[in-house]
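Peer 1: Spelled out from the first residue to the last, the chains are:
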Amino acid sequence: MNDISAGAAVCARYRVVHETRYSYQGTVCLSQQYLHLTPRSFAFQETESHLIHVDPAVSDSRDGVDYFGNCTRHLSITLPHDSLLVHAASTVALRARPGLAQIGGTPPWESVRDMMGKDKSAATLEACRYLYASPHVPLFPALEAYARQSYTPGRPQLDAALDLTQRIFDEFEFDDKATDISTPLEQVLQGRRGVCQDFTHLMIGCLRSIGLPARYMSGYILTHPPPGKPRLIGADASHAWVSVHCPGLGWVDFDPTNRCLVQHEHITLGWGRDFSDVTPMRGIVLGGGAQALDVQVTVTPLPLSAEG
Amino acid sequence: MPNPLPAHPLLAHYVVAPDGFDEMLDAARVPRAHWRAVLASLEHEAPELMRQRMEMVQHQVRENGVTYNILAEAEGLQRAWELNVLPLILPDAEWNGIEAAVVQRATLLNKILCDVYGEQNLLREGLLPPALIHANASFLRPCHNMPHVDGVALHFYAVDLARAPDGRWWVVADRTQGPSGAGYALENRAIMTPIFPDLLRELKVQSPAGFFRTVHDSLVHWGRLCAAGGDAPSPLREGEMPLIVLLTPGASAETYHEQAYLARHLGLPLVVGDDLTVRSGVVYLKTLDGLHRVHVVLRQVDDEACDPLELQNPLQGALLGVAGLTHAAMRGNVVVANSLGSGLIESDALLGFLPAISKRLLGEPLKMPSVATWWCGEPPALEAAIGKLDQLVFKPSFPQLPPFAIFGQDLAGDARAAFIADLRANPNDYIAQERIRLSQAPVWTDGAAGAAPGLQARAIGLRVFACATPHGYVVMPGGLTRVATGPDARVLTIQKGGASKDTWVQGGVGMEPQRLQKPGIRGQDLVREDTNLPSRVAEDLLWFGRHTERCDNICRLLRVALNILFNVRSQQRGVEWPTVEALCAWFLLIDEKQPGPAAMSTDGEIEAALLQAVVSPAVPGLARQQERLHQVAGRLHERFSLDNWRALNRIAQPAAYPDTLPSQSEVMTILDDTTAALMTLSGFALDGMTRDLGWRFMSIGRHLERLQFQSLVLQRALAMDGDGSLDWLLELSDSIITYRVRYRAQPEWLPVLDLLLCDETNPRSILFQVHGIQRNLRKIALTHGACGEHLLAPLNDELRALQPDTDLNPGNAGLSALLERIQLASAALYDQLGVQFFSYTDDGQQRNRPS
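Chains as they are written, first to last, in this note's numbering: chain A, 191 to 498; chain B, 1382 to 2232.
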């Protein structure tokens, strides 16, 4: 599906450490966790190594692949515990994605919309999975109105997507106090503030509301320390962005939080319709009382050759 | 040609709709052949007989406690099931057609489920529009690639049928998650059988009972395969039964009564989500014996409410279901029937696509059409629907949309324009359906409101049930006929009122469905204990015992207090009255007496408070206690026999005194009746229940409660100022007869204390309770280890050491201290049981905190 990249050279390598620690007020006697913490391999990314360490010891662990093709792991812990550590460490190599120059002359967005539901090719059928409302992305008229300002008649599909990415960056303020994961999209659109998840859900909602498929991408982004300062351990975070379907090119990723076409600084864990399909760590525990959560993510660039 | 129906008085009010199908009369208003026998028998009967039959039905429904919980009402109001006395009769040949069509449809829907949750060829081939799957919230992606034992995803299926004016049957809706109604159909027959024994025989009506054996045998078959398969295989020995549980949402579910009835009929433990747990991908039932592996979950729970980890929308609040169930099913370690995600094919939007899919997957046309349905997401269908708006009803395409039914003919002017605009804006969300014209059938009406008794026409629909077997689908001969409230109805639901009918399928001595299981229970497999007793059930049984006893205690206390109030003038009351008053206050039946004369309650005030405590659930007292008893009994529905339930239902008070208080004689009747009904209940506990583990917990609950009550009462009595009468104490302890027989004199302290404290033959004495509890604890300890007997042993010794002449007098301060210790020990014992047996039952499940 991402056939244009075949044979593209490795353009970046990273080490990602994602550490999640839950501390419980009381004792947890049964913990079941469903993880989306393993980076998937696909045209633009190769997972070279991956290890998940869990403390306390798990009683059962199963790897799997979900409906969207993402790598999953089911864990259960039956040892009584009052804290849970999940330490995921991965090395990934990225391949070059099409740049701004290559995404220029895409077909008008209406032609993409009109293919959906009619064309029975594998690529279009697959795109239909990402075409409709989902738990975090309801569709409503205000989304369409916002989208239409970028998606003017006849505008090339990816040109419009880039414009929408830019507008969300310009018109919304990054504010990690304004929202949480249960904040409705209506409120994000009205309040014009939020975090990467919100902007991603917002952009997805805009696209779907005019009949275009859009994926929620879950992963990490390389951050740049201020000039002269060292890279801090644990200062990074999980990240989310949008992938847009374009016949011929496949899926092209846009990051509305950073106003960019995704190139070689985004590491992908997986994708789905929205956050709920790829929640990094979804779990149910028995007991435990109040919980405290601490997440630390560190993304470190590695030399291009694997021996480095 | 037979003559038209003579002007029989029964048919005086029977109106045949001009353009509908009548189940009883043909177009010439002549009774159809299969109705003649019924009409003939009704004609020659006195009208009185039919009224008696109707009363019998109503009585039986009430006695069996057949109910339907109405969710719309606050507090989960229960409505009595309505069963009309006249059946729907379906002749042999007609039924064969229905049966073949239902088998075909179940087979087809099963194949669609397997495809959509597997390879999705139907999407690839364009036989299903992608929106119908991907935009449907019932498409559960975690269930993709679910393994299906024997290729069966749809184990139990129900279909709603309606008969068109031309006499053909049409499918109105498919029910594929945890279809309800089969249990009600079975119970309808159980109620009707004694009412029309001769007609049932004469018309060669088939019994639905064999169908339920087939359901059970098939589940056993798949349970065995599941035990041997999956990624944690543990094959069963021959004769060893797989563990099959019936999963219910709980006592507040609409059809909880039916689920309990089915569980009892099929012999399955009825469990709620908290009774199950998943460890390492295997499902277990939490029992008193520890965790028992579950092989089959027959669910009456909607898809999304089955697993909070993977299926429930995480934005929803309370956790529902069994965390990890989906994963266990994906690993092939449990059969969930119906397969998780099967709700997808309930969508009406699929109906229009079934004919082509049937040709593709089965190579044959549909034997029974669905009601004509168009999904508006296809542009030609949208235009056609707008073109004939008046003939259509519009409904939501997807279950996540709020339910509605908009009749095109009801729309005019602006509303019509607005609706069409909305249709064009969101065509995917709508289906258009031809209006259903239901057939009509006779119901018996008792001639209330001045009308003559006789037959009247009512619109009906038929729900038919099928189950999968390893050899294909089998249809239950019969079904649930649903009756609308009037002769014409556009929407038929049990929720909105309306009744049901028994469904008689003719076919005579039809073959019993083939049994899959050879008799396989041998000597070594005999079961003497319920090893699958869920911990939650044991706890509920313990509380059932306690609540029964509390009812009894409060009832007796109220009777003693009211007797004194009504019969003894206040100047003539002895020092016992303040003690009785204080006991009433202790149980919150009256307000605590304030010190000082100004706050003294008058007799009138006390009487009003006590009457209130008898009848009003709004204050602490008998009515509230009866409610509690019923609540806990409701959770134990399937553990009690129908006879036992009848006694329980007699304990429930009719809410007859909303504003006014009962008279003196009325209140005494209520108290006497309640005491008598509680006695019946004790009789069942003593004589009608197996002494299994569950019974022991119930028995411990009763003894513990009685022990606490009796020791409290004795302690208060000992503290009376001076020489009060002791009659009330014997009355309260139900020991007055024994005392009179033994002593034929006014009660005195020594014999009273002996009788109530140390006489181990008196079922009300302290020592009797201690022995009862110890006996049960010892039995439980045999299989489950010591569980608190040591707490009571020293008290037992102390009680036995009491010397009548020196110890049994009110001046003995040691007695009061002993009674105090008994109360503390009972509380400690209760805690111990909780820690040891019910710690599984805590519901402290929670989600990961989101980041």
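Hints in this document: simulated from the structure, not taken from any laboratory. All C-beta atoms in this analysis are idealised placements derived from N, C-alpha and C, irrespective of residue type, glycine included. A hint or two may mislead.
[Unchecked claim] Under 10 Å between C-beta atoms, here's a sample of chain B residues computed to sit facing chain A:
1) 1506
2) 1514
3) 1517
4) 1522
5) 1612
6) 1660
7) 1689
8) 1694
9) 1763
10) 1764
11) 2227
12) 2231
Peer 1: Against each hint, give a clear statement of whether it holds in the structure.
Peer 2: Hint check:
no. : hint : result
1   : 1506 : holds (8 Å)
2   : 1514 : holds (9 Å)
3   : 1517 : holds (9 Å)
4   : 1522 : holds (4 Å)
5   : 1612 : holds (8 Å)
6   : 1660 : holds (6 Å)
7   : 1689 : holds (6 Å)
8   : 1694 : holds (5 Å)
9   : 1763 : violated (13 Å)
10  : 1764 : violated (16 Å)
11  : 2227 : holds (6 Å)
12  : 2231 : holds (5 Å)
The structure fails hints 9, 10 (numbered hints given earlier, in ascending order).
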